[in-house]
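> Residue strings, one per chain:
Number of protein chains: 2
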Amino acid sequence: MRAVIVETPGDVDALTIGEVETPRPGPGEVLVRTVASGVNRADVLQRQGHYPPPKGVTDIIGLEASGVVEEVGAAVTRWKKGDEVVALLAGGGYAEFFIAPEGQLVPPPPGVDLVSAAGVLEVAATVVSNLEVGRLSAGEVFLVHGGAGGIGTFATQYARALGATAVSTAGSLDKVRHSLEHGASFSFDYHGDWVAELKEATGGADVILDIIGAKYLELNVKALKPGGRLVIIGMQGGVKGTLNIGLLLSKQAMVTATSLRFKPLGAKAAICRRVEQEVWPMLGDGRIRLSPETRIPFDDVRRAHEQLVGGDNVGKIVLVH
Amino acid sequence: MRAVIVETPGDVDALTIGEVETPRPGPGEVLVRTVASGVNRADVLQRQGHYPPPKGVTDIIGLEASGVVEEVGAAVTRWKKGDEVVALLAGGGYAEFFIAPEGQLVPPPPGVDLVSAAGVLEVAATVVSNLEVGRLSAGEVFLVHGGAGGIGTFATQYARALGATAVSTAGSLDKVRHSLEHGASFSFDYHGDWVAELKEATGGADVILDIIGAKYLELNVKALKPGGRLVIIGMQGGVKGTLNIGLLLSKQAMVTATSLRFKPLGAKAAICRRVEQEVWPMLGDGRIRLSPETRIPFDDVRRAHEQLVGGDNVGKIVLVH
Ligand SMILES: NC(=O)c1ccc[n+]([C@@H]2O[C@H](COP(=O)([O-])OP(=O)(O)OC[C@H]3O[C@@H](n4cnc5c(N)ncnc54)[C@H](OP(=O)(O)O)[C@@H]3O)[C@@H](O)[C@H]2O)c1
Ligand SMILES: NC(=O)c1ccc[n+]([C@@H]2O[C@H](COP(=O)([O-])OP(=O)(O)OC[C@H]3O[C@@H](n4cnc5c(N)ncnc54)[C@H](OP(=O)(O)O)[C@@H]3O)[C@@H](O)[C@H]2O)c1
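Top to bottom, those sequences are chains X and Y.
Per this note's numbering, residue 329 is the first one in the first sequence, and the count goes up by one each step.
Per this note's numbering, residue 329 is the first one in the second sequence, and the count goes up by one each step.
Watch out, some of these pointers could steer you wrong.
The list treats identical chains as interchangeable, and a pair is accepted whether it falls inside one copy or across any two copies.
Below, computed lysine-lysine pairings styled on DSS-like, alpha-carbon distance capped at 27 Å [what the hints assert, rightly or not]:
1) Lys383 with Lys550
2) Lys550 with Lys568
3) Lys568 with Lys553
4) Lys550 with Lys591
5) Lys553 with Lys383
Rather than coming from a laboratory, the hints here were simulated on the basis of the structure.
The task is simple: from the sequences and hints, build the whole structure.
Structure, rendered in structure tokens:
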């Protein structure tokens, strides 16, 4: 089959398309013919050599994809040849075929075609699982950084659908506006004093979903309410930060950091089930709206990475096969 | 009544005994005639002006005491005049009488006299509530720093009684031995490379109860197993530390910091109930053994603080009235 190969990690030129052996589904696994592959920030890190796959996982890039079932392995009960599916993957999405454990496949959301569907599951699974880690509940205040980004646009709408007050930060007036149109009750320019503005507007945050890491660690702890929970899922602002333990203690607050990709299979299957049952209906009835994705042919994978890194893209990028 | 008064925060000379008005129990409160007052490290911090009481709490020092019920306020159902009780307090223990919410009183443990009982509840409530925060479960590895200290001696025995493998650090061979005799399966001298020794012995810790804070933050995160939980309750090694978010993320681990004193009344009552139901039987049947306490007359409160700060005391210090 055709697949994206990275011989030596590096810049976009490291991405080449070549022939590799088509994988065969083992017990509990499904082989899917790819229709579209979602492009994520983590793919760029993996291309650069900074984010190797978990043990036992293919080194082909790609954390999510959609397609049509080609062949099922032993003991697979839910799927059969010809079914349309969307997959959450630990790797392998940038290829003509991919293998997924059956629990990490879901049908496309109602009313969403297979190409658009390729860019939904990773974000949905990340947000749903991490707001569960943060125990966000109705009536609480939820802050996400980058309210106009992929994670942010989804998270504000989902938090609002849960009955929480969603708040975000964003980098420009346009992005502030985008966030306010997608579930946020307040959105603050992150070049200003967003901690003070947040405290003024809502008294602080019960749960923060953070994609910045080190650079925001002290600010995030300041922004928490008593009993607050900071859930870190990205380190765009560095890996080692200063933690004010005294402040954390006086607030009885919590800091945690999680990664979807490194969770065990059972946990991923449970998250996919929850996304299908809880989020797909929200996409169906418009409680969550997706920005239109950018479609780029599979053969132009380098251009897809350039566009993602360029940073002006709104909505997901998907590679169409 | 007679009470310890601190006019100006400072060294031990700041502690004087004087006359103050005897408090009256409000609704849901109980007035207790003190038999003995437990002495805690936090008392020293409060004397020095570093640890003011929560809002609305007396500024008389003292987080735990035992005594005999003198008078009950309206709506108190469990207690009557003459009952022997042990109290978890937010303040006020260093006095001839003290006031406690009825839920923060428990009977003394089976077979323990009121004087010894004055030094048990604070430690028990701290450990029980924080291992709950850390979700320690049977079969897991539990690490506590200062295995021969008040918190450490209790925590290793309690964790072992829960079915966990208890491990500690300690500052000398004698203290290592003390810890091994009180529930620890391994105890490491903290002047050495305890992270490496821990990993070698048990593969790391699922839960760490930390009293050091900043100085151990990076080491503690290194010592955690995947999915591990670091619960910080003391900052003997400083307030601001370096958090390696990348390492936390790769382990899907959690850091939290809590303080018993600042928890709401309802939470404290629930903890006291749990201590009475779960820990008192363990003291009764010897699963948890206390080091003999040091008894010092109430009038010698300065000596009690000197002895605590001196650091060579094993077991609790209690002030006898
Ligand atoms: N741990 C996991 O399981 C997991 C899963 C999925 C994603 N992630 C991580 O989550 C992050 C976001 O992913 P994404 O798909 O949403 O990427 P994205 O669409 O490219 O969004 C990145 C966001 O970062 C924001 N940002 C940049 N600098 C900022 C700052 N100083 N303060 C606040 N916000 C800032 C941007 O805001 P502006 O555009 O307004 O400047 C943008 O919204 C990535 O780091 C990704 O690796 C982690
Ligand atoms: N947050 C809360 O709710 C709460 C409640 C109660 C207590 N605490 C805190 O918990 C801490 C311990 O209280 P305690 O009553 O157990 O005091 P303690 O009996 O005086 O014990 C202090 C312990 O610290 C150990 N220690 C000192 N330096 C160390 C190092 N570098 N590495 C490892 N251990 C070290 C000592 O070990 P060696 O003697 O072997 O040197 C000793 O066992 C205090 O800071 C207290 O304020 C917090």
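> Hint by hint, note whether the structure agrees.
Here is what the structure says about each hint:
1. Lys383 with Lys550: Cα proximity of Lys383 and Lys550: across copies only (20 Å, versus 37 Å in one copy).
2. Lys550 with Lys568: both (17 Å within a copy, 13 Å between copies)
3. Lys568 with Lys553: both (23 Å within a copy, 19 Å between copies)
4. Lys550 with Lys591: between (29 Å within a copy, 19 Å between copies)
5. Lys553 with Lys383: Intra 38 Å, inter 17 Å, cutoff 27 Å: inter-copy only.
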